[in-house]
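Following the hints, complete the assembly by docking chain B onto the known chain A.
Now for the letters of each chain:
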Amino acid sequence: MSEQLIVIGWSHKNAPVEFRDKLFLSKDEIQGLVKEAVQKDFIQEVTILSTCNRTEFYFVSANTSPLTSWVKEWYNDNLKRDIDFLQCEPYTHQGNETIKQLFRVASGMESMMLGENQILSQVKTAHEHLLMSSGKTPSLNQLFRDAVSCGKAVRTDTDLCRGAVSISLAAVELAKRIYSSFQKQKILLVGAGESAELTAKHFQENGATQFIIVNRSEERGKRLAEKFSAEYAKLSEIPELLKQVDIVVAATHSKEYLITINQVNQALDARQYKNLLMIDISTPRNIDTEIHKIQEVFLYDIDHLEDVISENLIKRKDEIPSAERIIKEHSRKFISWFKSLEVKPTISLLTQYYEKIRLEELHRYEHKVSEDEKNAMSKLSKGLVRKLLHYPITHLKGLADGQELDPQTIDTIWRLYRLEEMKDSEVEKSE
Amino acid sequence: MQPLIQPFNVLLPMLYGIALIYYGFYLRNGNEQSGKWAPNILLSALVVHLLYFIARSNFQYFPITNSFDSLSMVAFSIAMIHLIIERTSGEGKTGFFFISIAFVFQVSASMFHVVDIHIHELLTNPIFGIHVFFTLVGISALAISAIYGLMYWMLAKQIKSHNMGIIYRGMPPLDQLEAMGRLSSILGLVSLGLGLIMGHFYAYRVLGILFPPDLKIIINDVAWIFYLLGWAIVKIKNYNGLRLSKLAFWGFIVYAGAIMAANFISTSFHQFN
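In order, the protein sequence lines correspond to chains A and B.
Oh and the first sequence: position 390 is 390 in the numbering used here, straight run, nothing missing.
Oh and the second sequence: position 124 is 124 in the numbering used here, straight run, nothing missing.
Next up, chain A with everything else stripped away, as it sits in the complex (with noise of 0.2 Å):
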């Protein structure tokens, strides 16, 4: 039997949050079930991708069937874990499908989220863990290369991943409106919890330094504060430092306003008319919506966020298609290679098609000659059989060799002698 790709996994798509807790697997535990399956002569190369969303098994094997008897064996009795895997049963897909997989996978078309960009550093990660792994795995090396390739791919050629679809990131980028940097810009948060952590990291990941924290609770204010190296004022500080900043975040769960129109009217002079963009994604909203009236204020809500995910969603999967092309020609072209390392199997099946002919040809004419000339006719079918093949098969091996084998020769040789017909045959006996 030829080996083969197959990939067994848990995704968001068929295991809840808890279930998929339970078979995270940190960098040390991967290299330590590498180590112990390259010892299975059931696995040839293996590689694991584990993040919060999905845990998958990638192998090369030749005997697929007690993998994901051995997967679970391996999480309950190396790692201890107790999972019960009744409750969840894994997906597996093998060939082409394993290879779809991946390439999805590295795209974010199988994210929870569409489109999510982390996803394709995690693919990174795991082909980096497999580089460091200490067996041979050329197939898994140039698979996880390949999806790392068509996951790029997908992201420059299509909006996929384009356009914010969390709240706080698309708070960011609506305020990438209107300033081209933040390093400059003065940004206010109102509130200390995880929504206003969550916006101030975004906006520091993208060059923002500059943070004032308000909160009721003190402690809290100041704790967040200390995280981002940011300054803590109190909330009766708001009307002043209405004058000295250029972005507001308010996110708390304050019953009433906590900035109001007069506070801006009276923060515009000393402000110079500058722009001030205010973001609440408070519930209920904590600044006073009439704010909006002033010409140099740009208010956004929550609601309007939302308008802009839901937008962005839609626009992403406009880019399905486009993305589905990619990845079927980042696919074809990773199966035209694992093809080309099936050189042995073609000699095998090359010699057994010019041998079923022989025989074809001497079955023919066996009836109407002599036992010793049937004899002759056989030897010297043999011996031209044998010479006509000499050629081409030192050439292949050579070719392998050489790791000059180009997939299209492989793929020529396999359309020309109609190898695959020859290959479900033999399947077909043996079976």
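Please keep in mind that the hints were generated in silico from the structure rather than gathered at the bench.
Every clue listed holds true.
Cβ-to-Cβ under 7 Å is the rule here; a few derived chain A residues that face chain B: (1) Gln272; (2) Tyr273; (3) Phe298.
In the DSBU-like style, the derived pairs of lysine-lysine whose C-alpha atoms are separated by at most 35 Å in a straight line are: (4) Lys328/A - Lys315/A; (5) Lys201/A - Lys243/A; (6) Lys186/A - Lys237/B; (7) Lys152/A - Lys344/A; (8) Lys36/B - Lys201/A; (9) Lys157/B - Lys255/A; (10) Lys157/B - Lys176/A; (11) Lys201/A - Lys160/B.
All residues carry an ideal CB built from backbone N, CA and C; glycine is no exception.
Just chain B now, with coordinates in the frame of chain A:
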């Protein structure tokens, strides 16, 4: 030189057209490659355009002998100023708008190109040539600044109304539009100033009067003074944002309107004979 000029009449619209296509792709898809190629193609167009002017001058006179030549000079000025601003700010997404204007002007100039029969004596004087060049570049730069003002205004309006249309997605951020508009108006102010000074100097040499009583000259002088005052006020008062963009836009509309009205009232310009 005439046979030498003919290929330019095909080549120039073509080069501006190709640059326009690349800027269009860059605006629509944000394609990095298009963004890299567009200014390089535009630079080639400008070099070819400069060669055209040299060939067109016959090394004897300033190459604006009719109104279509002026269009070609305006196309050159707009493209050149845009390229300067793009190189300075590193932002080329607005290129599509400006190069489309340059393209239309150059196509008209190339289509209706006429062979010079009689060359006015004025055009043989280099000071006059420099005056015309700087004045046209100055006015083009102020027009570009007004367009940046309009773009700012439109983008601000879209952001304010929570409308995420093509302007929202394609335009550079507001602060960058403002910076580009500021740079353009400074270029305009300096260039127009130089052009006007050269014009007055030439008038003095030909007529013996530094300030000839010509309505168009007066309008241009007054406009320049207003621009200079406006620039000083903006600097001192630290005006910015929407107010500044409206000022740049309406300021140029009034200026252009006044020039058009003056053209209508007084048809003769620069009567130095």
